[in-house]
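Trainee: Single-letter residue listing:
Number of protein chains: 2
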Amino acid sequence: MAQQRRVQLSTQRPTSTVCVLGTELSLDVCGSAPKDAVAFHVQGTPGVKLYVVHETQSVKLPSSVCRWPLAAGTEVLLAMDAPSKDVGDEKVRISYFREAGGVPVGRAMLYLTCVEVSLDTDAGRSGAVSRTLLDKATWTWGPDGHGAILLVNCDRDDPKAETLDNQDTAIRSYADLKDMSQMVLRTRGPRTIFTGHRLLLHVDFSDADKVGVFYGGNSIALEEYKHVLGGSKLAYTVKPSRHQEESIFYVEGLAFPDVGFSGLVAFHVTLLESPEKGLLETPIFTDTVVFRVAPWIMTPNTAAPLEVFVCSVDNNEDFVAAVGAMAEKTKCPLTICPLLENRQDRWIQDEVEFGYVQAPHKTFPVVFDSPRDRGLKDFPVKSILGPDFGYVARQAPEGASSLDSFGNLEVSPPVTVQGKEYPLGRILIGSSFPRFGGRRMAKAVKDFLVAQQVQAPVELFSDWLHVGHVDEFLSFVPAPDRKGFRLLLASPSACYQLLKEKQEEGFGEAVMFEGLKEVSKPTINEILANEGLRKFNNYVQSCINWNRDILKRALGLAESDILDIPQLFRGNVATGAEAFFPDMVNMLVLGRHLGIPKPFGPLVGGQCCLEERVRALLEPLGLTCTFIDDYFSYHVLSGEVHCGTNVRRKPFAFKWWHMVP
Amino acid sequence: MAQQRRVQLSTQRPTSTVCVLGTELSLDVCGSAPKDAVAFHVQGTPGVKLYVVHETQSVKLPSSVCRWPLAAGTEVLLAMDAPSKDVGDEKVRISYFREAGGVPVGRAMLYLTCVEVSLDTDAGRSGAVSRTLLDKATWTWGPDGHGAILLVNCDRDDPKAETLDNQDTAIRSYADLKDMSQMVLRTRGPRTIFTGHRLLLHVDFSDADKVGVFYGGNSIALEEYKHVLGGSKLAYTVKPSRHQEESIFYVEGLAFPDVGFSGLVAFHVTLLESPEKGLLETPIFTDTVVFRVAPWIMTPNTAAPLEVFVCSVDNNEDFVAAVGAMAEKTKCPLTICPLLENRQDRWIQDEVEFGYVQAPHKTFPVVFDSPRDRGLKDFPVKSILGPDFGYVARQAPEGASSLDSFGNLEVSPPVTVQGKEYPLGRILIGSSFPRFGGRRMAKAVKDFLVAQQVQAPVELFSDWLHVGHVDEFLSFVPAPDRKGFRLLLASPSACYQLLKEKQEEGFGEAVMFEGLKEVSKPTINEILANEGLRKFNNYVQSCINWNRDILKRALGLAESDILDIPQLFRGNVATGAEAFFPDMVNMLVLGRHLGIPKPFGPLVGGQCCLEERVRALLEPLGLTCTFIDDYFSYHVLSGEVHCGTNVRRKPFAFKWWHMVP
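Quick mapping for you: the protein sequence lines, in order, are chains A and B.
Be aware that the first sequence starts at 1, since it is given in UniProt numbering, and climbs by one per residue.
Be aware that the second sequence starts at 1, since it is given in UniProt numbering, and climbs by one per residue.
Treat the hints as calculated values from the structure; they're not laboratory data.
Computed from a prediction, not measured in an experiment: that's the story for all the values here.
Possibly wrong hints are sitting among the right ones.
[Claimed, not checked] Below, computed lysine-lysine pairings styled on DSSO-like, alpha-carbon distance capped at 30 Å:
1) K420/B to K483/B
2) K420/A to K60/B
3) K226/A to K443/B
[What the hints assert, rightly or not] In silico negatives: residues of chain B with every beta carbon more than 10 Å from chain A:
4) S16
5) A39
6) A100
7) D168
8) T302
9) E509
10) L603
11) H658
12) M659
Glycine included, C-beta positions come from ideal geometry on N, C-alpha and C.
Produce the entire structure from the sequences given, and follow the hints as far as they go.
Mentor: Following this line, the structure appears as structure tokens:
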């Protein structure tokens, strides 16, 4: 429905007003009628389209009816087709008549100036601003959706700057401008009309702390760009140029969707009429556009790797070399975080999660910094944040627990669950089962993840583990068939079955941890005879089974989508579970290359029977298994290969705005 | 999809487990297979339903196939039909075979106990808890929707209590219990099974501050009811009684929907298995129910009045008497707030808004206390809050402005806008147009109103008024035709038209304010000749026109749904607009009886021409107009009849959960 403005007329004196292209004026014909008038006639110049609304019918003029009764509710509507060349160059005349009278008893004249005022964005999501017939004031999801997109300008295009690009009100480079979304104000019509009217660009009070708007006027010089809206600036008076019909504004996001912020931000341009000095202005037209701030998106193991991260600490040279060799196989650059920056903190998986933000005009990676904050605390801001590499963080004012480390934050590959599509997968986080005093992820982190909407998080039960991360019992690997992946679950029962099989084959005296100095070396027979270990692993198995059920339902998986990776755990009620031998599901996945913690299982015929079993499960999927010795460098410190590495991956080909959350 | 739990078997020793009615067990047949086994056979006692899932087909047993290949992904699923009488009274046996072997090479036995564990609510919205096939873990809107409803227990059933019922953790009366929603835990099966298992009722951490749960065990004595969940209590161990299959919990809401709280709250009951002392328990079954906290709902002028409120202050006896007479006509009780409680604050419309909350089992009124807090500050808590009369308030930490008074908070009758139904109407609030320093409603109040979802607020432009309330320029009255109501808008142009008509009829020397002492008495001629007044009213008219357009679009109104009530305003840029004569749209609507501020318009033929015109507009709708003299008691203090009264009205017949927001 077009915007409509009521205009009062007078038979005493002519009325002048502005009609904005695309809107209607509703003339108060009854309000200006002389006392005895019972009918009226209305006539306009060719540029004016006139309609009479009479008893709920709308009749376009000229019609065969030339006089209309002055009944209550009778309206004259008008619209105009093109901006005026001069002020008041179109007219409407209303003549009033008495009963059966042939001579008008009064006339009301209306002088009209048509102007075009339009705020436009990339509502069609093509990567460029265009005029559109789409409803600019709404934002819809899905392949047929519309509405513009805004990026949180959270990178640092100027390496010398101290803060993120959106934490100041200056434009330091054209690269900075390119991260922003354009918003174009088009004004056409006689320029003199804009001296008696004012154009105000404004943002709602509740949105003002979420955005920044920059404007360079007619200039393209960087220093001419001024911060005109956002923060305490709620409105900006635009002076339409005499020479240009378009004013280009650059919009940046300041905040990601979160509790209390849906991500939607509206901007308005309002035309204010100021009849004369000393009287207040009144709004006569508003155009509204809506942006959605792009969510932060995680990438699953099945996405192609772009950059591998590992820390160099004391005595982990072999591990770094092994990871480097894997990276080389996949032609993926390796970034080694030096000791000076990691301060002996090797758990780079736990400090950050790599994701990205995307708009039709721009995509860049964004690192999510966990509230964990150990030795690697400063690494994300100092060394990852940079040109076209954004940064976001959440704190845990209640105090961070081990469950706030991002080894406890994973994402599944794309899935479909009972007809509902998750084309960007679902986030998986570990939580406590509601026991008194259980650990859980910080509220601010969980709220942030939920608010992104596009990867609806699933809570798993991970607090039974000493460290408590989901990557201790699950992983995803690519597969050529079925859903394109397999879910790997650590499985004590699969491990017991394997060891029993080997015992029955006569290898009961084969020992574990062969070749590891100062590590006690139990035999298969000893492990199978250890009733305490078996009971504890039964408990572990039931915890993993609980998660298996949640995962099957939340990701729509069948048993054939799951592979059980033999694994034993040890521990007790007080300390929680830890891997008994290097935790094989805690692996690094780079395309078809898997870097798996070397389990040091019993040698059977010179072969580690655990490695052999894992190869037998994974190689038929076209995967290559590299077993990496992390025993002393990571395993004994309660982590493994996955905990000690991190991967920036390729964004999804699927555009997030094409989904329906 | 039924909950499914993975169970590991063994050929070494029998396995015992619990199967919860309505869930499935997934038997790990491959995991317990002896080394050379290639096929299996599975058999169960009559109470066990068995399925083999083989190559994505699910076959119910007994089938003609008696041996199944042990392929990866082959699953045995089982379900049970009725709770067991004794522990382990049903069995499943799996026999494993070698290639072409007729004799089993191993057998795995599973002893099963079926128990029923079910958490139920009034998910069907009938007013009573019932077993349901509806998905209890989801909540849907609409006539076919499902999901239970919770009331914020914000009344004070015990008049001697100091706080709201939901601000303590005690049950003081059966009336208090009746405001709560029931949640029933059903447990059936051999009682001894619950000694080796634990039943935990729990609430998510993020919901715990929104609810309170009380439980009286087998007792119905009030003092036995204990606060078991909510606040810092996240979990409660339920001991199933030997004699009763049902445990009844009473749930109260603590908070209305608001920013960061959708209104949805989930409760879970989890069955924990504790295999033996010293080992941790593991969850084996969870049932989840979801409640939505009922929103606070406003009632429009078209709803039947139930109670009229007015303040008794110095020198307003006549006004109180006039309001009393109107209340009597509509057989509506009148509550007079005495001087002691209002401390000379007569603006009872501004201090509170009456609304209600509704669940299938209970409905009660709730007064919303504004952050205005003048003389009437304590009246809502002291005199309105009470048994089955709730209370809610929001503060304005940024400081309250005049726009926070609830004369600036109205609600339309039910409307349909371009096919979208608002069966409870839409809330209307006045705001500033974005001028620097404009006043606006407190964020906490606006956020609260938006969060209720069912009466989607519309923001109007009211800051052009000195006081700045929407009830200064609009009202709704019932009508027998069209949409069931008319929108009344104050109209300077209608007033000028009327006065000019009277001037032309020869009454130019008729004076306003006849009979009012010490009030200057302008003639029609003088008013029409006052160019300053005319210009200011043109400005006022354009402000009202702007709102007219918003209202037409937001409420789906046609011109015929609007009546223009003649009215003049005075003022200037600095002070804003005030009514020039008593503001007629600022009326009290009690059914078909309207209490309208007496305008003291020019007398024409002994009749006030303003009253005459208003009668001519409203009486054809079957309405009765009573003009109440509020000149010295309210008008000169910048308010009128509506500002000085308030009405509690009948809740909508339409149930809010039947709508789709």
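Trainee: Hints the structure violates: just list their numbers, smallest first.
Mentor: Per hint list: zero violations.
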